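Asks: Please model the complete structure; the sequences and the hints are all you need to start from.
Protein chains in written order, with the working numbering: chain A, 1 to 230; chain B, 1 to 230; chain C, 1 to 230.
Please note: incorrect hints may appear among the correct ones.
If chains are identical, the list can't say which one is meant, so a pair holds when it fits in one copy or spans any two.
As the list claims (entries may be wrong) - Listed below are the simulated BS3-like cross-link pairs for lysine-lysine, each with C-alpha atoms no more than 30 Å apart in a straight line: (1) K15 to K160; (2) K20 to K103; (3) K51 to K15; (4) K15 to K103; (5) K133 to K20; (6) K51 to K133; (7) K51 to K112.
In case anyone wonders, no lab produced these hints; they're calculated from the structure. Since the structure is predicted, the reported quantities are computational estimates derived from the model, not experimental observations.
The chain contents come next:
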Amino acid sequence: MRIIAADSGTALLDKAYRPKVVLTAAAVLVEEPFTQPTAQHFRLIEEEYGKPTLLLHELQVIAELCARHSCDVIHVDASLGGAALETLSLVDILGLRITPQAKQAFRTIYPKLRKMVDRLYHQHGVSILAIGKDSVAVRIAELATAAYSVVAMATRAAAKAELLILGLPRMCTIQVQGSAVRAASLEPGEHELIASVEDRGNAVERVRLREFPNPFLRGYRILVIEPQGG
Amino acid sequence: MRIIAADSGTALLDKAYRPKVVLTAAAVLVEEPFTQPTAQHFRLIEEEYGKPTLLLHELQVIAELCARHSCDVIHVDASLGGAALETLSLVDILGLRITPQAKQAFRTIYPKLRKMVDRLYHQHGVSILAIGKDSVAVRIAELATAAYSVVAMATRAAAKAELLILGLPRMCTIQVQGSAVRAASLEPGEHELIASVEDRGNAVERVRLREFPNPFLRGYRILVIEPQGG
Amino acid sequence: MRIIAADSGTALLDKAYRPKVVLTAAAVLVEEPFTQPTAQHFRLIEEEYGKPTLLLHELQVIAELCARHSCDVIHVDASLGGAALETLSLVDILGLRITPQAKQAFRTIYPKLRKMVDRLYHQHGVSILAIGKDSVAVRIAELATAAYSVVAMATRAAAKAELLILGLPRMCTIQVQGSAVRAASLEPGEHELIASVEDRGNAVERVRLREFPNPFLRGYRILVIEPQGG
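Replies: Printed below as a string of structure tokens:
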């Protein structure tokens with residue numbers, strides 16, 4: 001089974017550890033044993049935290065990855081009980097047991113969502129499941145946003161000699177292995193899940209990384225990226 | 001303190017990883033330090049998933065284990081806040097804050113449940129607590145269903161030269177140690193919990209086991225049992 | 001960032017593992033990397049389980065630690081969404097989405113709470129955030145209650161030749177390292193969190209410690225303290 005999934009995640013934080021923007025949308029192709037991406041694609045989105053348009057960014061990176069790789073099913077990070085998005089009208093969605101805020105979000109993005117979902121479904125003939133956090137593939141995409149964001153922000157921190165503070169996804173830790181930046185899951189039972197991004201510009205060598213628990217948010221870790229000698 | 005507890009669990013899955021049946025009911029006797037069974041008893045039930053009669057199977061294996069071992073209290077996998085089942089009328093149960101589906105389930109099975117609970121209580125004089133997932137003893141019974149199911153399905157896969165796919169209980173992994181099949185907990189804080197079943201027929205040697213995360217259900221793992229050379 | 005936080009915890013249990021009293025209130029000073037206290041202060045409170053006055057004990061140990069150490073913010077174990085207690089009237093609190101029991105608790109303690117919060121806020125000029133279990137600093141205080149309770153109860157068990165049973169905080173384990181009693185977190189992603197108390201009277205050497213899962217409450221562990229030769 002070949003699953004393409006997407007998620008957006010990894011926040012840029014201010015000095016009080018409050019999220020400013022969500023940095024990255026990632027799409028991954030995941031196959032048995034469902035522990036690492038066999039292909040991946042990223043966009044640096046720097047989108048406002050909690051914006052409903054995050055889902056549209058996720059559909060975009062999925063479409064871009066689908067153009068290069070086939071799959072049997074698509075997973076997106078929307079928790080509608082695993083329903084197939086291509087079958088849901090706005091009325092269907094508003095009839096689901098989801099929060100009023102989620103309904104308002106879907107109302108806002110529905111016309112664009114509909115168009116993107118229809119195009120995906122007709123071009124590739126696979127279901128787009130709103131499975132959300134239950135999907136291991138979505139989780140791997142979430143970890144991938146962390147690996148990509150670290151490389152991108154290390155590059156920026158080194159270029160601008162600026163200290164940057166990242167809020168990693170829930171239960172995620174960063175490991176540097178040679179020229180690869182790896183995001184590993186700390187969630188129990190997810191010890192094998194890893195997403196890795198090559199640091200082609202050796203940006204990580206030009207910064208210092210410090211990782212520690214977010215004191216305001218148990219289960220989440222902070223990564224401080226400090227320019228060397230800066 | 002000697003606790004006898006039961007659970008039913010471990011699913012047979014189809015190729016799309018959807019559950020077909022629940023395979024096993026297990027009863028265990030657990031004593032301090034409450035990490036492994038000191039006695040256990042199994043039935044291969046192959047019961048429809050989510051059926052209310054699962055609780056009746058659990059009471060049956062409990063009764064069978066109680067016939068051979070004494071205990072101070074019985075734990076069953078029904079979440080009624082730890083209430084003693086022998087004291088609850090159907091009206092009491094329907095008055096509890098449980099889901100409408102759970103109420104309907106109890107309505108269906110109550111006459112048989114009542115009979116089994118009364119017999120257990122009168123024969124052994126110990127309370128039957130509806131403590132559910134809070135009980136470590138119920139958790140050990142759940143792990144035991146996995147160890148037993150692996151031996152039973154490896155036997156079947158080898159005999160029928162058929163590939164079988166198991167859905168393990170939440171946060172559970174299988175380890176083969178000599179002739180023992182062990183189910184260990186991956187839940188944090190449960191590193192010591194283990195249930196083990198002897199593979200007397202050496203069935204596991206005649207199959208290949210592959211275990212990986214269920215991509216549709218975070219926290220759950222899949223075990224593929226493939227006949228050797230098959 | 002310097003955070004002072006408090007929690008009360010660690011129960012004395014009866015032989016059926018039911019909580020009798022909450023033993024300890026702990027205040028801790030935590031600084032980056034937010035994994036261990038850099039200062040701490042304790043009171044043995046032996047307060048009834050679930051009593052609303054626990055929060056007052058926590059404010060007291062906070063006030064006592066604040067008298068010796070400066071901080072930028074105070075975290076208390078009350079889950080009011082991180083609101084600043086110094087800005088909340090009783091009417092504000094009763095308007096929040098909290099349980100009726102929590103409202104009744106705040107009604108009971110509000111006059112004393114108000115006085116203690118005002119004094120803290122005016123003396124130290126820092127916010128007292130009702131952040132509750134989301135705070136890593138509150139979690140470290142919770143672990144600290146365990147380390148302190150073990151030393152205190154080992155002392156009592158040795159002095160009175162009495163067996164004592166402790167209910168440790170959720171996902172907490174005790175390690176003895178030389179003359180230090182350490183409470184470590186078993187929560188995923190909290191592998192670095194440790195609180196440690198010196199056992200100055202060598203009480204732990206005069207008792208036997210046995211730790212195992214609480215069979216009635218998954219995720220919690222029991223520590224039996226038995227006088228040596230007793």
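Asks: Next step is simple, just say for each hint if it's right about the structure.
Replies: Consistency of the hints with the structure:
In the homo-oligomer, the alpha carbons of K15 and K160 lie at most 30 Å apart inside one protomer (17 Å), although the nearest pairing across protomers, at 52 Å, exceeds that limit. For a Cα distance limit of 30 Å, the shortest separation of K20 from K103 inside one copy, 24 Å, qualifies, whereas the shortest one across copies, 34 Å, does not. Taking the shortest alpha-carbon separations for K51 and K15, only the intra-copy value of 22 Å comes in at or below 30 Å, while the best inter-copy value is 37 Å. Taking the shortest alpha-carbon separations for K15 and K103, neither the intra-copy value of 33 Å nor the inter-copy value of 34 Å comes in at or below 30 Å.
Taking identical chains as interchangeable, the C-alpha atoms of K133 and K20 lie at most 30 Å apart whether they share a chain (23 Å) or sit on different chains (23 Å). Within a single copy, K51 and K133 get their C-alpha atoms as close as 18 Å, and across copies as close as 26 Å, so both meet the 30 Å cut-off. In this assembly of identical chains, K51 and K112 lie within 30 Å of each other by CA distance solely inside one copy; the values are 14 Å within and 42 Å between copies.
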